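*Asks:* Protein chains in written order, with full-length UniProt numbering: chain A, 1 to 313; chain B, 1 to 158.
The set of hints was computed from the structure by calculation and includes no laboratory data.
Fair warning: this is a prediction, and the values are worked out from it, not measured in the lab.
We put the CB at the ideal spot given by N, CA and C, even for glycine.
Fair warning: there could be bad hints in the mix.
[Said to hold, decoys possible] Output of the computed footprint for chain A on chain B, the stretches with three or more beta carbons under 8 Å from beta carbons of chain A:
#, stretch
1, 10-24
2, 43-50
3, 79-89
4, 92-102
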Amino acid sequence: MAAYAVAAGQAVLVAALAPWLLGWMRAVRARLEGRAGGRFGQPWRDLRKQLRKEPITPADAGVFFVAAPPVLMATSLLIAGAAPYVSTRGPLSGVADLVVVVGLLLLGTVALALAGLDTGTAFGGMGASREMTIAALVEPTLLLAVFALSTRVGSTDLAAIVAAGAADPARVISPVGALAAAALAVAVLAESGRLPVDNPSTHLELTMVHEAMVLEYAGRDLALVEWAAAMRLSILLGLLATLFLPWGVATSLHPAALAGATALFAVKVFALGGLLAAGEVFLAKVRLFRVPELLAGSFVLGLLAVLTASVLA
Amino acid sequence: MGLVRRIRERGRVAQPATPRPEPLPAAAGLAGSVQVRHVDAGSCNGCEIEVGQAFGPVYDAERHGVRLVASPRHADVLTVTGPVTVNMAGPLRTTYEAMPRPRMVVAVGDCARDCGMFAGGPGVLGPVGDVVPVDVLVPGCPPEPAAIVAALRGVSGR
Chain A
1 MAAYAVAAGQ AVLVAALAPW LLGWMRAVRA RLEGRAGGRF GQPWRDLRKQ LRKEPITPAD
61 AGVFFVAAPP VLMATSLLIA GAAPYVSTRG PLSGVADLVV VVGLLLLGTV ALALAGLDTG
121 TAFGGMGASR EMTIAALVEP TLLLAVFALS TRVGSTDLAA IVAAGAADPA RVISPVGALA
181 AAALAVAVLA ESGRLPVDNP STHLELTMVH EAMVLEYAGR DLALVEWAAA MRLSILLGLL
241 ATLFLPWGVA TSLHPAALAG ATALFAVKVF ALGGLLAAGE VFLAKVRLFR VPELLAGSFV
301 LGLLAVLTAS VLA
Chain B
1 MGLVRRIRER GRVAQPATPR PEPLPAAAGL AGSVQVRHVD AGSCNGCEIE VGQAFGPVYD
61 AERHGVRLVA SPRHADVLTV TGPVTVNMAG PLRTTYEAMP RPRMVVAVGD CARDCGMFAG
121 GPGVLGPVGD VVPVDVLVPG CPPEPAAIVA ALRGVSGR
């Protein structure tokens, strides 16, 4: 029972944290660009207002358009609850393994891509095709990078990997860890639609990926899509943080350990988000046809990590 | 690294914010969050330069909760510039109808109010108010970025 409460708490934590993380990242960016920038809570204000506005379904849209926002939100909530962010003693510990988490991420991506196609607009289809191209190149890297860590644990269960890392930090700081972290970091950037793969603040339809698919959403549906997209960023940064900086993740269900782990998780995700936002100031978006080169590079890093893990083991 | 030094030396270029303006009662439901879609209905692009400045680093409308978006479906406020030309009347109407309620229109510039120097020209249909209902008018040829920011702050209430 307590394990289920922890999982629900994790889902609520990620859902509540995600808009704040977005606000914090925008603030860091604005500060470095010399602007004053919005407040940290601005994404929350935007969501609150959009939830009150009327949703509009385009005349030509069908069931995929209507279904995508709830599906995207549900997959995000499920991953947020199941992954070992705060505690490695989740209720779904046997089920919440790496393949399931990556599969759920992909399910959300595919749902949104189908919705983009469903609107029948030129930009929706274009965004969907780009998103699927990127997803097809990113998912193998996501899997491979974590496989490098799982070979030594002997399990693809994320909770087991994190628990082993928390028990023995020397495992994480190793050539394998460094290679896998680099591979996963690039994959996370691409999967969450950040620079240099996609520009989250673009208004130029021809360069959009994520934005192009959601152009037709309005009101409540848009709020769900934007909220879920923000949660995916938190989820992916959280995965990066818990896999490669596993210190402080609770391995018991003791309240004090859980409270400390919650605070530490927030600190880690916000630190990574700040680092990402600061890094983005120095980056330009990569030309779409060069994105596969970048992702192939990260795949090679992941492959090297797996090879190193099996050779050094 | 040149960029790091420039960031450190330049610091903040945004002008200090003026006191909060009186919020419009019609915009109470927006609660400090305004997404703006811009339509050029036939302007000379003078107003576009000023609108661009309003969202630039110096005037920085984003700190007042105002953001430009790429789709009318995401927008609460439609900013329109220029006299409405015959060819742009349809797209302007379509854009307005694509926006979810509650929606508002901010007409930017003298041309949007009374066609300005283009009044009576061939291909000019009329002022913005003839095509879509206008809630806020920003006078000027072109209006200063500060005036545009002030009008948008009235809508966002911040």
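*Asks:* Checked against the structure, which of the hints given earlier come out wrong?
*Replies:* Hint check: 2, 3 fail, others pass.
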